[in-house]
Every structure is written in structure tokens, then in C-alpha cells.
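Chains as they are written, first to last, in the working numbering: chain D, -13 to 97; chain H, 38 to 534.
No lab work stands behind these hints: they were computed from the structure.
Any given hint could be a false lead.
Subject to a maximum C-alpha distance of 27 angstroms in a straight line, what follows is the list of computed DSS-like cross-link-like pairs (lysine-lysine) [said to hold, decoys possible]:
id	chain 1	residue 1	chain 2	residue 2
1	H	Lys172	D	Lys87
2	D	Lys88	D	Lys51
3	H	Lys172	H	Lys154
4	H	Lys160	H	Lys172
5	H	Lys262	H	Lys272
6	H	Lys331	H	Lys272
7	D	Lys88	H	Lys199
8	H	Lys215	H	Lys199
9	H	Lys331	D	Lys51
10	H	Lys352	H	Lys272
11	H	Lys199	D	Lys87
12	H	Lys172	H	Lys331
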Amino acid sequence: MLVVTFDPEQFNFLTAGESSYFLLRLPDGSLTLYNDYCDHRGGPLHLGHWDDLAQCLVCPWHATKYSARVLRNRGTPLIERSGRVTAVLDVPSSTQIQLVKKTILAQPHAC
Amino acid sequence: MNNSGQTSLAIAAAPDETAELRETINAFESTWPGTVWPPVETKRLIELYAARPNFDDTSEWLIRDNPYCRPIDRESTQRFDFTQTVNRSEALGASALAAHRMLLNIYETDLVFLPEKNFAARKNDFASYYSNDNKLLGEMIRPTLEAHVFQFLENEINVTGKWTLEAVKSYLQDLIVKHEQSELEMCTAIVSSADPVRAGRALLLQLACDFLSEASASARNILGKYGAIQSEFFKIVIDDYGYGVHPAKHSTLYENTLATADLISEVHAYWKFYLTSSLTLSNYYHYVCRDHSKYFRAIGAIAVAESMFSHTCRKVSQMLRTVFGKSVDTYYFDEHFHIDAHHGRMAFEHVVAPAIEQHGNGVIPDIIRGMEELQLLTAIADEDFIAQIKFLDELPDLKSTAQAIHARIVEGSLQPSAITHLGTQSQPFITRVNNQDQLYAVQSGTLDLVLGPDETVRLERGHVMIVPRQRLHGTAVVSDECCYRVFDFEDYRSCLS
């Protein structure tokens, strides 16, 4: 496993080997780091949109829905404290990682 | 007769009542979070508590051999609204200091303290401190005070995601590696202080708040019945208690350290000089260990503390030898450097990991929260302590700055709010922190600003001094009477531009 600590204001997208993750601030204020590949056909979830009515993230490819509860509880193990986040990635500790700032279209607007 | 029908009826009737009750409680809690009384009633109860004789203001700087004398600063309890919660920037503020003094008084009624000698002279205080009146009143205000000072942790820390035991293990290992590679800022600050001996003694004094009754809070978790984890946890606690051999008890070792640094080892002798953050750390352990619904948070906090304390103690031991030379007894820290390497492993492998295996991954967020809360409070405590050392080091600069600012007040170009005090020699000695920067200006008589048990700044007529926000200090009138003005500033540095 690989432990990564970074500033969520500076970075919101993380690539570790073959895996990619994006940060999402949920309506309850909590932050989740979620696998970017949709469980259905691998659609890029960070390019999805947030459905305010259903309170869920919608995949841009086939509209697979992810509720806030699923995003919060099934994301990568994450701690947010004092403006820093620490994530525990399920990849070998030698994995190269890349942190970038992207536009997260799936971000709920109110957050 | 078969009782199952009756039981079913009882169970069947319960949901509606429970739902109704829950709705009432929710409405109540949303109105007054952290309290079971309306704010006005809570305020009255807090004032009643602070007015108890054990907690009354006294004239002594040090409290000698009386573990039941624990002044709160009664005036401040009347001034603050404890039903509101502090945020992180206010966690070292004036209301937090008063709340933490009260909380430690409440928590420690569960512990046994006896004076070293002359019990007869303390018998009334003893009876009053452990009386049902005191304990009951304390219990009535405890939830409000806990919410006041600890609720901000909920906002500061978020734990999300699908945690597993392996993820917890990786996270903790990473934490330990980073900690062991770090220099402790606190030790660096002491060694590089203008007066390292003063700063070193200040640290030992602050640690006395917790170390003289070491492990008392976590021992709250050794009772009950919860399987093999309980016995493993017990092993850690009995190490701290020296296996019943008094000279090996960790608090005894710490008494020896204090003695060799010319400090008093009686419980809470330095009560008035405890920083807000020192009280916070002691109270946090009680907060999570006393309320057993926070059990998993508690074992997370204890696992982190035990894992990190070994390196911390090695560094503190080195620092003490650098500062005091060979005269100081560092065995307390040397022993922890050794034993906490084991305790860190034991706490994780034999308590935290089995707890997760037995009770499921659902307990992990609480365990992680405990680990994070303790780290955050430790970071705040380090900042607080370093700021206090820096305050003492910067007194000459603060004095000259105060003169420049006061000159502008006199000429009229600055008009800060001010309160005039007329003090007498017989007034109680109270230590405080303030939420604003303050400038003291003595108009007549002589005033000592007391910044530590052996550290005073004497202010005569016309003398001025700045006390930055959240820095602990007291005032003692040296002349028969003293008239002084205290000016408030949001940021005294902004007055210089």
C-alpha cells in the first residue's frame, strides 16, 4: 500500500500506476478520493455530472449513478485534517504517482 | 405461562414511543447542542460550579500539597458563553482555558489524590472535592464543556473511504516513519531559546499536568469485560504503573525528573501555570476514555501516542541533557524510549488490529479519528508551548514596541478600547489568556506581570508591556495599590504601520 499526503487545494487528481483517482467534495462537506474508472465500462467519472435532485454522481458514458453514501464509504481510505489530505492507495509502495489539478465536472455545485 | 407474548407486545409498542422520544431528543439537541439544559440554565450551573470553594481564586502562585485546590478564574466563567463551541483558532483562547480547568476538575474526581502530608489540614477540601454535590454538578455541565472545547475536532477531521486493517497498518507505519525522521520543533525551540534552562523547566512543568497521574485516563478502559483485547490493553497500563513497584511507576520516575530540575513534584502544584493546551491533552484522554462509546477512538489515540512517544522521549532526553547537563534525571524519558517501542507495537498488534478483526471494518473510522485527533491536539500543544517560550524570549522587543504604541495612544493617533484596573496587594492571583493582544500601562504603583513561577516583569509607573493574545500570564500588585490600564488590539503589529 502507498500512503500519499497532499494539499487538496493544489491537487485534485492522482494517478498511481494504472489507476486514477479524483477528489470530490460531497454536499455534507466531506471529501472523497474515488477511483476515476466507472465500475460499469470504465467511464471517466470525474467528467460526469452531479445530479442535485438525486444527490448522486452520474457517469458521462452510460449514466451509472453513484450516491453520496457510496462515494463516501467506498472511496479510497482518506483523511482530511487541517487543509491536508492523506490517502492510503491499494497499490505497491514503489508505485510512481502523479498529482495534478483538473477540472472536476462531477463536483457538486454547492460545495 | 409463556412470557413471549408479553415480550412481543412490549417490543411492538416500543418503536412508536422510541421514535417520538428520539424526535424530542433530536429537537432538543439541535436547539442546545452538547447540553441537556437550556443555555441560561447551563450558564447558572457553570457559575455555581466555579463558585465552589475548591475552585475559588486564591492568592498563592503555587498550590502546595493540596490536590483539591484547583482555581478556575471565577470571573471568566461569568463572562463566556460555554454553550457555543470554539473553532480551531479559539482552541487556546480564554473560554477554552476556563473550560479545560473545569473539565480536568470534573474528570479527576474519578481519581484518587491524597496530599503527601498533613491530611487533616486538607480534610475539608478532600471531602468537598469528592462530594456528591461536586460530582453531580460537574456531571451536569460536563457535556456542555466537552462540546465547547472538543466539538471543533469534528469539523477539522474527516475520515472517508473503504478502510481495511491493511490500510490502517500502512497509514500508521507511514506516520511512525515520518515522525522518527523528524526533529521535534519543541526541543529545537528550547535549545535555541534565549534561556534554555527556563524553557526546559517550562516544558517539564507543563508535562507534569499529565505525567504525575500517568495512564489514569486510559486505565478507565481496563474495567469491564471485552475479551482478549482487554487483557492486552491491561499489559500496557501495568507497565505504566510499574507492575505495582512504586519506584518503577512512571509517575515516580517523573517526580525524580522534576526534583532534579528544581521543580515541585506535588500533583498540580503548578496548576495556575498550565497552558491551555497542556490541559487539553490531559482532558482529551479523559474525554475519549471516560465515555466508552468513544472506545475505538480512544484505542486509536493511545496507539498513536504509544507509537510516537518512543522517538519523542529519545529527543526530549537528549534535549534535557544538552540543557541541564548531567544533573537532570532523564530516566523517565529513557524508560519510555525503550518501553514505548514495545507499547506502540503492542497497542497496534494486540489491541487495534484484533479489535478490527473482531468487530469489523466499521470501527476503523473511529480508530482513525482518534489517531488524527490526538495528532492535531499535539500539534496545537507544540505551537502553544513554542509560542509561550517565544513570548518570554521576546520580552525586550515587546517592551520597546509597547512604548512606541503607547506613545501613539498618548498623542491620540490610536484609540483602542481600554479598561482601567485598580488592584491591591491582597487580590487573588489569577492566570489568564486573552483573546486579543493587550498593552499594559501602569499609571500608579507597581505591578508584576507573572509569566511563570520564577518569571516576572516588574512594571512601575509609566511602564508599558505587550502581552500577545493567548499567552498565559498573571498579574500581582506589588505596591499597596496599583492603577493600570489594559488596551485591547486585534493585532498590535498593525499599530506600527
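Hint check results:
| no. | hint | verdict |
| --- | --- | --- |
| 1 | Lys172/H / Lys87/D | 54 angstroms, violated |
| 2 | Lys88/D / Lys51/D | 21 angstroms, holds |
| 3 | Lys172/H / Lys154/H | 25 angstroms, holds |
| 4 | Lys160/H / Lys172/H | 17 angstroms, holds |
| 5 | Lys262/H / Lys272/H | 15 angstroms, holds |
| 6 | Lys331/H / Lys272/H | 21 angstroms, holds |
| 7 | Lys88/D / Lys199/H | 24 angstroms, holds |
| 8 | Lys215/H / Lys199/H | 24 angstroms, holds |
| 9 | Lys331/H / Lys51/D | 34 angstroms, violated |
| 10 | Lys352/H / Lys272/H | 25 angstroms, holds |
| 11 | Lys199/H / Lys87/D | 24 angstroms, holds |
| 12 | Lys172/H / Lys331/H | 21 angstroms, holds |
When held up to the earlier numbered hints, the structure conflicts with 1, 9 and fits the remainder.
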